[in-house]
Amino acid sequence: MRTRSRARRVALDYAVRAASTVSALIGIFFLCWILVVVIHRGSAALNWDFFTKLPAPPGAEGGGLANAILGTLIMTAIAGAIGVPIGVLTGVYLSEYGRGGTFASLVRFTVNVMMGLPSIITGLFVYTMLVVTLGHFSGWAGAVSLVFIIMPIVAGTTEDMLRMVPDSMRESALALGAPSWRTTLGIVFRGAKVGLITGVLLAIARATGETAPLLFTSLNSPYWPGNLNHPTGNLTVTIFSYAMSPYPDWQQMAWGASLLITVGVLSMTILTRLALVRKG
Amino acid sequence: MNEKQPIVSEGGENQIEARTTLPSKITATADSRSKISVRNLNFFYGDKQALFDNDLEIRPNKVTAIIGPSGCGKSTHIRVYNRIFELYRDQKATGEVVMDGENILAPGVEVTELRRKVGMIFQQPTAFPMSIFDNVAYGLRLHYKMKKSRIAERVRKALESAALWDQVKDQLNKPGTALSGGQQQRLCIARAIAVEPELLLMDEPTAAVDPVATTRIEELVDTLKQDYTIVIVTHNMQQAARISDYTAFFYEGYIVEYGPTRKIFTNPSEKRTEEYITGRFG
Amino acid sequence: MKIGSGKHTGYGDVLFKAATFLSALIFSLAMAGVAFELARSSRLSIAKFGFGFLWSQAWNPVTQDFGALSSIYGTLVSTLIAMVIAIPLSLAIALFLVELAPPALSRWVGYAIELLAAIPSIIFGMWGLFVFAPFLADHVQPFLQKFGGFTPFFKGPPMGIGMMSAGIILALMVLPFTSAVMREVFSMTPPVLKEAAYGMGATTWETTSKVTVRFGAKGLMGAFFLGLGRAIGETMAVTFVIGNNHSISASLFSAGNSIASTLANEFTEASDPLYLSSLVELGLVLFAMTLLVQTIAHFWLRHLGKTTGGRQ
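Protein chains in written order, with the working numbering: chain A, 1 to 280; chain B, 281 to 562; chain C, 563 to 874.
Same shape as in the complex, but just chain A (with noise of 0.2 Å):
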């Protein structure tokens, strides 16, 4: 009786190791799956005009998206600019004053939900702020739209490395004589520095891949980003668009500008891996 009841545990046992190794591997392939596509169908779009030419009309061959990259590039980097240190002093100070308190409560839990928030919810907020009011789409109101991204990220991560940063090391520069924010930003953020970088870096790569908040923002455009207070070109709603449309290469150039994104994204993924990695 033992016997064939051990013999049947050991049996259900195998199943779920074979059935997890079975979703591990499920996992893989998808990702793989995904990444040949890309690569394959993208490489093909990718060639010296796609990096140097403006798109063409409609219908038309040839032509390039070299407005979108740059314009993807310039409201990233601007979200970047705003977004980045509101959420690193955000991070600080959820980290450094405000280990209690229901201010301070209210503020973690906002930067959660924040961060939760489905990106399409903020780029209608921004459209009804930024773009009605002004009366037309701008670039502008795409980099506030990315601020909406990169904030909740960069202050989830930096008030979670601060953290990590034992008090004994804040109560010897204090013991020493040190005023609280030389503490801080002196020996603070050194000891959390690879962890800060890893969270910037992780918010832009995020915001680079983004598309629903600029749909209602920045729009698309086939022309340089000079003035941003006009629809910006960028890669995102491109592929939307070309994907969408009718025409071939338009959509082969889809594919191009995914993979430009995917490479772009991938990359500071596995660059933020790699150093905390070496971090140890």
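Bear in mind the hints are in silico, worked out from the structure with no lab data behind them.
Heads up, the beta-carbon is just placed ideally off N, CA and C, and yes, glycines get one too.
Some clues are possibly wrong.
With beta-carbon atoms standing in for the labels, derived distance ranges [unchecked claim]:
no.	chain 1	residue 1	chain 2	residue 2	range
1	C	858	B	322	42 to 50 Å
2	C	711	A	22	21 to 29 Å
3	A	227	C	864	44 to 52 Å
4	A	276	C	758	31 to 39 Å
5	C	674	A	105	30 to 38 Å
As a list, the in silico PhoX-like pairs of lysine-lysine whose alpha-carbon atoms are at most 25 Å apart [stated by the list, open to error]:
no.	chain 1	residue 1	chain 2	residue 2
6	B	427	B	437
7	B	342	B	397
8	B	437	B	449
9	C	780	C	756
10	B	449	B	427
11	A	193	C	579
12	B	372	C	579
13	B	454	A	193
14	B	449	B	425
Based on these hints, arrange chains B and C on the given structure of chain A.
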């Protein structure tokens, strides 16, 4: 949370017993040449009182050990000397702590200068994330405008006094965190003495360090007392007996007895002291 | 730190603390602003349709009759499919990473799963529309229809795009997050507990199901909510493959719409104020749903402290 936990006394009955049988504690006569005179110090974590009517004299250029069971207020007490407790919103101290004629708890005292005069070594070695040189120079750069050569000289002196110079003189640019635990602790000592303090507070400095390094640090303390006044908190009674000149025995926030180490350990006046020394509890 | 407890520490500290406080304030106000503004911009359609908006199946820009039900339905169904697929898979992957794989393999597979999390939504959409949906249409759906066509779930022409592919792709997007949190929960089980179980002769599965899962039940629930929040709001991937059709159908093959995909698809076409207001109100509904899930997740995970992946 990072706030220091209020002292939790064990044993309801013992607690009451302690409160009613403790007499006036100081067995050594007050000396006007004390480095620190503590008068009527009471300490609170929020509503909970952790230190009760502490009176203590810290002798200059001597090692004073503070012993007692866990949670009796040892660390809390010395953390008043450099006002580091003020980091935490709900921690409060009343009474007088007079150092060199001035009550350091009074408002208007310049805390950064106080903290230069009073160095602190923690239980966990806290080497800053920077080079060994920058670690030791940290306090110097904080308080003084010094030429590079002067800083280098002071750093060397401090490392020599901490018995670390020979081991690190060729690798001053290595990160402080790359040192072993015992070496890091001596680095922290060098860092503290670089600014030429008058008082050194050590909160269980060898608790997180291996036995060999412990011996080195104890030897160091013996040398350092020639130039500094040292107060060392330790839960290791043998250590206290080994290295200190005076010992204060704390119990549940009260100072039960205080006097020359030899007397405390061989012929204590209080029964509770004797019980602790002989290991009846702890 | 007592402000003004010493001359030199005074001003620098006050300024610094004020700067950080201000940032935190801006942060909170921005969030409140989003909620407020969404409500404000939907007042037109709220006034016209009232609560009926939530269960009206209509969506007709011509007659100016709008209802959220088809979008809500699509969001819920695609999310349901995603969670049904992703949760067991995540558990299995977490189990693999923590208990079964040797440390080196576990690390690399972990990295691979992380990469999956980093892939932007629109890339999933591209792959879904051009590769995965056609694959489903050609090879999987006919098969399902042959054997399950008598149920209401597999009726209709196997077009590939539709609720099914949306749900599966969502599952792939949710998977890395939920498995990462579950993995952390599993690895936080004190080795002592596991050793006690193994010491009594339990198999790996028995230890996991009876000890590890029970110990980390709260954290696992937190992972569930995290994934849920993600799935509800996912936009681009779903927009590409869900088919953009305001209909409600039991069949998984049918096209549909989620709130997010409706917004993405129709926003540029919304010409008149009521249309726009209805879209914003849809956004408000999505915001409320997300807020609910996030709130539950926040307070659930908070008990476990920062180390259990309270943030991803």
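Against the structure, the hints:
Under the hint 42 to 50 Å, the C-beta atoms of residue 858(C) and residue 322(B), about 45 Å apart, fit the expected range. A hinted range of 21 to 29 Å for the beta carbons of residue 711(C) and residue 22(A) is consistent with their spacing of about 27 Å. Residue 227(A) and residue 864(C) have their C-beta atoms about 46 Å apart, which keeps the hinted 44 to 52 Å range intact. Checked against the hint of 31 to 39 Å, the C-beta distance between residue 276(A) and residue 758(C) comes to roughly 33 Å, which is consistent with it.
Hint check: residue 674(C) to residue 105(A), Cβ distance near 36 Å, so the stated range 30 to 38 Å holds. Only pairs whose Cα atoms come within 25 Å are accepted, and residue 427(B) paired with residue 437(B) is accepted, the gap being roughly 16 Å. Of the pairs offered as hints, the one joining residue 342(B) and residue 397(B) holds, with about 16 Å between alpha carbons and a cut-off of 25 Å not exceeded. Distance restraint check for residue 437(B) and residue 449(B): the Cα-Cα separation of roughly 11 Å lies within the 25 Å cut-off, and the hinted pair is therefore satisfied.
Only pairs whose Cα atoms come within 25 Å are accepted, and residue 780(C) paired with residue 756(C) is accepted, the gap being roughly 18 Å. With a C-alpha separation of about 20 Å, the suggested pair residue 449(B) and residue 427(B) falls inside the 25 Å cut-off, and the hint holds. Straight-line distance between C-alpha atoms of residue 193(A) and residue 579(C) comes to about 20 Å, which keeps the hinted pair within the 25 Å bound. Distance check on the hinted pair: residue 372(B) and residue 579(C) sit about 22 Å apart at the alpha-carbon level, within 25 Å; holds.
A C-alpha spacing of about 17 Å is found between residue 454(B) and residue 193(A), which places the hinted pair at or below 25 Å, so the restraint holds. The suggested pairing of residue 449(B) with residue 425(B) holds, with an alpha-carbon distance near 24 Å, which does not exceed 25 Å.
Checked against the numbered hints listed earlier, the structure breaks none of them; every hint is satisfied.
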